[in-house]
Structure formats: C-alpha cells, structure tokens
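Chains as they are written, first to last, in our numbering: chain A, 775 to 1091; chain B, 28 to 348.
Hints listed in this document are in silico derivations from the structure and should not be mistaken for laboratory results.
Fair warning: there could be bad hints in the mix.
Stated by the list, open to error - Below are the EDC-like pairs computed for lysine to aspartate or glutamate, each with C-alpha atoms no more than 16 Å apart in a straight line:
| id | chain 1 | residue 1 | chain 2 | residue 2 |
| --- | --- | --- | --- | --- |
| 1 | B | K74 | B | D335 |
| 2 | A | K855 | A | D865 |
| 3 | A | K777 | A | D1078 |
| 4 | B | K204 | A | E802 |
| 5 | A | K934 | B | D308 |
| 6 | A | K986 | A | E900 |
Unchecked claim - Residues from chain B that face chain A, not an exhaustive set, calculated with beta carbons under 8 Å:
| id | residue |
| --- | --- |
| 7 | V194 |
| 8 | L197 |
| 9 | L199 |
| 10 | S201 |
| 11 | G282 |
| 12 | Y286 |
| 13 | L287 |
| 14 | I302 |
| 15 | I309 |
| 16 | L314 |
| 17 | I316 |
| 18 | G320 |
| 19 | V327 |
It should be emphasised that the depicted structure is a prediction, and the values quoted were computed from it without experimental measurement.
All residues carry an ideal CB built from backbone N, CA and C; glycine is no exception.
Single-letter residue listing:
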Amino acid sequence: MGKILIVRLARLIATLFAVSLLTFLLVEQLPGDPVIALLGPEGLYDWDTVERIREELKLNDPTLVRYGRWVGDVLQGDLGKSYITDQPVADAIRDRVPVTLELALLATVIAAVCAVPIGAFSAYREGGRLDRLLSGFTTAALSIPGFVAAIFFIWLFTLKFNWFPSTGWNRITDKGLWANLKTAILPASALALAPLAVNARLIRADMIGTLKEDYVLSARAKGLKSRYILMRHALRPSALTAVTVFGLQLGGLIGGTVVIETIFALPGLGTRLISAIYQRDVLMIQGITLFVATVYVVVNTAVDLLYLALDPRIRRQ
Amino acid sequence: MPKRAPFRPRRAPILSGTDKDPTTSTASDSKRNGLSAAISDMPIVVKLALFWLLFIVTAAIYARIDRVTGQALPLQDPFYQPFLFGEASPIEGPSAEHILGTDVLSRDNFSRLLHGAWVSLIVALTVVAFGIVFGGLIGAFVGYVRGRAEAVTMLGLDVVLAFPPLVLLLALVSIYKVRNLTLIALVFGVLGIPTYVRIARASTLAIASREFVQAAEAIGTKRAAILFREIIPNILPALFAYALINAGFVIVIEGTLSYLGLSVQIPEPTWGNMINEGRRDIRMTILPILWPGLFLTLTVVSLNLLGDWAQQRIAVRSSAL
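Working from the sequences, and respecting the hints, build out all of it.
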C-alpha cells in the first residue's frame, strides 16, 4: 500500500506539471494580444507603448522561458497578476472560491437529502410500480442538461411564481443567511440533479443487497415496522459508501459550476474564467485552470486510493 | 441479472430456420438473426427510445436535403433561411403553418430544431467514429502489447483527462475565431478519444488473458493477427455500448458550449444557441427554449436508455463467451 501511495503521488505531481504546460501552450495560442486588450483600441496606434509594456511584462521572451518563470513563481505561491485589472490571480481565486464552493456544497447536500429516500424506497419496492416510477425520474434527472434545467427553473420559479431572484448573489456576510440561500438555491438545485440521480441509483443498488441480509429478515420476523427496519437496519450499512461518494462528488462539482454560474450571473470561479477567456487574460486563465484541474486531479486520486483501501481485490490486479 | 422477460418464447432461432441447439447459441449466431431478435426483445421504453433516435436522425437529414435539392420540403418553412428573418409573424403559437410556433424574429421553431438536430448528430457521430476507430485501435494495441508504449499512452491520457471536460473545451475552442461545424466536430472528436482508449485497453486486458487468445498464441499466430481477429472483434461490443452513453454526454456538452456562444456560431441554429437566444426573450415566449430543451433531454434520455440496455445485453453475452 505504501509503495502504491508513493507511485500515485509521483504520478499526481507529473500530471499536474503536464497539465500546467498544456494550459500554458493552449493559452499561448489564444488569438488577440493581452497588451492590446489592456490598452483598448488606442493601443493599435501607439506601438511604442505596446512594445514598452510587452517588455515590462516580459512577454517577448521565448515561450519555454516564460513557462519556466511561471512555474517557478507558482511553486513559491505566486500565481502572478491579471494583465487587465492588475489584481493578483491568487486574490481573484480566493475571492471567487467561496461562491463556487458554497454552490457545490449546497448541491451535494440537496443531492444527498433527496437521493437517500428515493434510493431507499425504490430498493424497498424493488421491481414495483414505485421503483419504476422513481427510476424513470432518476433517468430523466441524469439526462436533462444542467443549463436547460437552470433556465427552466428561472422561468418557473422567477417569472411564474416570483419566489427567487433569477440572477445575482448575496453574500452571507453582507445580507445574512436567508438572503444568501435565496440566491443560491436555484443554481444549486440545477447543479444537484445529476449527482442526485447517480446517488439514488447507488443507494438503491446497495440497499437491495443489504435488504437480503439475514439480520433484516430477523428484524422483520421480530415484527418491527418496515420503516424502522429500512432506516435503522438497512440504511446504516449503506450509509458509509454513500457518504464517501457524496464527499467525492464535491470535487467534480467545482469544475461543473461554470455554466450554472454564467446563467445565474454569480460571482464564482466559473464566471471569472469565462470573462478571462473573453479578455485573453492569460495569467488569470492559467491560474484558474490550474486551480480547478488541481482540485479535480487530487480528488480523482483520492477516489482511486479510497477504492484501493476499501476493495483489496483491485490491489492485486 | 436484469429482468429480461423469462417466459417469452424464443422466436429468434425459429425465424432464422437453423436447427441448432439453442443452448449453444454463440455470438455469431446472434449476429445472424441479431437485429430483429434484439429489437423484439427490447422493453417498450427502449423501443420508444430507439424510435425517437430514428426520428431525430431522419429529421436531421431531412433538414439538410434542401441544401442538395435547393427546394424546401413540406413541413419546412418555405421562407426559412437559418440566417434571415422569417415572414413577419413573430412569437406565434403552434399553427398549421408553423407547427411549433415562431420565435421573436419570426423564425419557424420547427425548422430551426431540425437544423439544430443536424449539428448535434454530426458532432455526436464524429466523436463516436473517432473514439471507436482511433481510441479502439490505440487502446487495443497498448492493452495487448503493454510495455513502455502503454505507460506513455496512459500518462498522456491522465493529463488530458485531468481537466474537467468543459474547461479544456472552453480553452481549446476559444482559440479559433471562426467556429463552424467541421471545426467543432473535429475538436470534440479528438478530445473524445482518451476515454475510448481507456475502455478499449481495459477490455483488451480482460480479453487477452482468455483461453482462446492463449490458444492462438500457442499455435503461433502472429500478434497482429491476434489483435485484429481475436481481440478487436471482442472489444467492439463494449465500445459500441459506451458510445451510446457517450453520445448523450457529447450532445449535452455541445449544447452547453453552444449556450455559452462558443460552439457553432449564430445564425446557424443549434439546440444550445437556440436556448441562448430564447433566454433573452424568455419574458415574451418560452417556446423557443422549451422545444430545444425538450429535444435535448429526450435525445439524451433515449441514448442513455439504449446504452444501459446494450450494456446489460453485453454483460450477458460476455459471461457466455
């Protein structure tokens, strides 16, 4: 196990290096010039200034030299500054992460809270009408694209019922928890649909196995109520797998919020990334992509390691 | 195993007229009478899904026929031009002339949907074709030959797969100023290959340790022949089943990218950019959003249902292999 751990960590670091190089090369290909983007149209007439700024920002060095310098800075914890707003990239990320993280957390909670009863009841009524109904629901939830669901929610809950605002974000620190939740609940629900369906299916499959155990039979023989058996005897052993999966989905969700944030105009990492792409804000794109990819890779490695720890059969392969 | 109607009479062997013992039915057997038997075996929901997909494919081709013949066909808006305004009849409900209504610019929703279907279809087909051909070949090769080639390939895959899919696509697609269908299909196609390589390699690892491969090696068959005759035919079903699920995923991602305005550009209609344009006018009419949303969802549901069903059948078959 120790050896596997070291190999995996080495691969993780190698992957991150390659990811950063790929991002750097990709961003390099973006059309447009960051200096022109910075100066606006006047830059087109004033080549001396453009040249001077290019020199200042050391944009004239060869790609690999700049990549090396960037990696060196990143290793010292410096992600550089935005060419456009002069804001340090690390600050921008620190600013935006809470929104994205809250969305992902809330989506995970919604997915978990809805998935447990759906999974439990369809397992209890395996093959029955309720089971088929719920499995139809999970298939639909899994298939509806997040952005379609989001716009449908806006139409229904904002335009028809006017329960929630359609766009914008209230920070907890400014307006309190309730105002914050009002702006967060729609995007989080749209984000939660897919993991909800996945979790409900997982719990169902897991509990169908658990319900066949002898101790469930003996609980039934004792005359305990079905609901009590379901919640106390069957759900508990299944909960461990479920909780693990919930936790791990969080990493994937952080990458998945980009569109949802754009639709609801939320000040999260995703909208910052999109605006950076439109503005050719090279260091910002690199910083955010590296951050998101790092979270993603670390979580995926954690999943692998966790599976290894939980299921010894995989280790031998 | 899934509940496949246990006491349905086995019609297939009778239809095919072979007097083979049904207990020894093999892969090649099911291939001969495969299609009709497979379809009659389907649960009703999966049949509906298949029907919907056939409808979408037909609709997409139908939408483009007038590009070849130069003439509008029935049900297509005769005034329809993807990039011009329609006849002056904005925001109509469904009528005989515009069966799904019109949008704010008087464009016929149905015609736009059909053209959007073509975009989704082409992108999905490109990804599946690239994935199965290139991904399948690379995966089968590195899975069978192993060694250094495998290690390098897998590391490369790890890098590409380390990006959340949408983020990499965003960065890659925004490089290009002109984004037409060919470019988008190619970018999607190339980025789709890695997962197919993974699946092909994993299936190959399982197949390569089977007795019939060892037997072929023992009698001195060339490795290339084993790869093409023993291994690739046996990993194909898994790849095709994955392709169905993957096509649904690709259609969603393309729609998302379209929604962000980063896929095929307006005025060319796609389901995603229809939703994006309709979003602006959501207070006036929901129809231009509702239809593409519905088409997207139904198509993805259908692909998922069909994919799940195919995967279950393959699980049955490969356990008998």
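We went through each hint and held it up to the structure:
Between K74 (chain B) and D335 (chain B) the CA atoms are separated by roughly 13 Å; this keeps the pair inside 16 Å, and the hint holds. Proximity of K855 (chain A) to D865 (chain A) is assessed by CA-CA distance (about 9 Å); at most 16 Å being required, the pair is judged to hold. Between K777 (chain A) and D1078 (chain A) the CA atoms are separated by roughly 14 Å; this keeps the pair inside 16 Å, and the hint holds. In summary, the hint linking K204 (chain B) to E802 (chain A) is supported, as the alpha carbons are separated by about 15 Å, within the 16 Å threshold.
Annotation: proposed proximity of K934 (chain A) to D308 (chain B) holds, straight-line Cα distance about 15 Å (limit 16 Å). At most 16 Å may separate the alpha-carbon atoms for a hinted pair to count; K986 (chain A) and E900 (chain A) meet this at roughly 12 Å. Look at V194 (chain B): its Cβ gets to within about 6 Å of chain A, closer than 8 Å, so that hint holds up. Interface hint status for L197 (chain B): upheld, as the beta-carbon distance to the closest one in chain A is roughly 6 Å, under 8 Å.
For the restraint placing L199 (chain B) at the interface with chain A, the shortest Cβ-Cβ distance is roughly 6 Å, inside the 8 Å limit, so the hint holds. Proximity of S201 (chain B) to chain A holds as hinted, the smallest CB-CB distance being about 5 Å (cut-off 8 Å). Contact between G282 (chain B) and chain A, as hinted, is supported at the beta carbon level, the nearest pair being about 5 Å apart and thus within 8 Å. The beta carbon of Y286 (chain B) comes within 5 Å of a beta carbon in chain A, closer than 8 Å, and the hint placing it at the interface holds.
Given the 8 Å rule on beta carbons, the hint for L287 (chain B) holds: about 6 Å separates it from the nearest Cβ of chain A. Annotation: interface hint on I302 (chain B) holds; nearest CB of chain A at approximately 6 Å, less than 8 Å. With a least beta-carbon distance of about 6 Å to chain A, the hint placing I309 (chain B) at the interface is held under the 8 Å criterion. Because the smallest distance between the Cβ of L314 (chain B) and any Cβ of chain A comes to about 11 Å, over 8 Å, the interface hint for this residue is violated.
Taking 8 Å as the C-beta cut-off, the interface hint given for I316 (chain B) holds, the closest approach to chain A being about 6 Å. The interface hint given for G320 (chain B) holds, since its Cβ lies 4 Å from the closest Cβ of chain A, which is under the 8 Å cut-off. At a threshold of 8 Å, the smallest CB-CB gap from V327 (chain B) to chain A is about 4 Å, leaving the interface hint in force.
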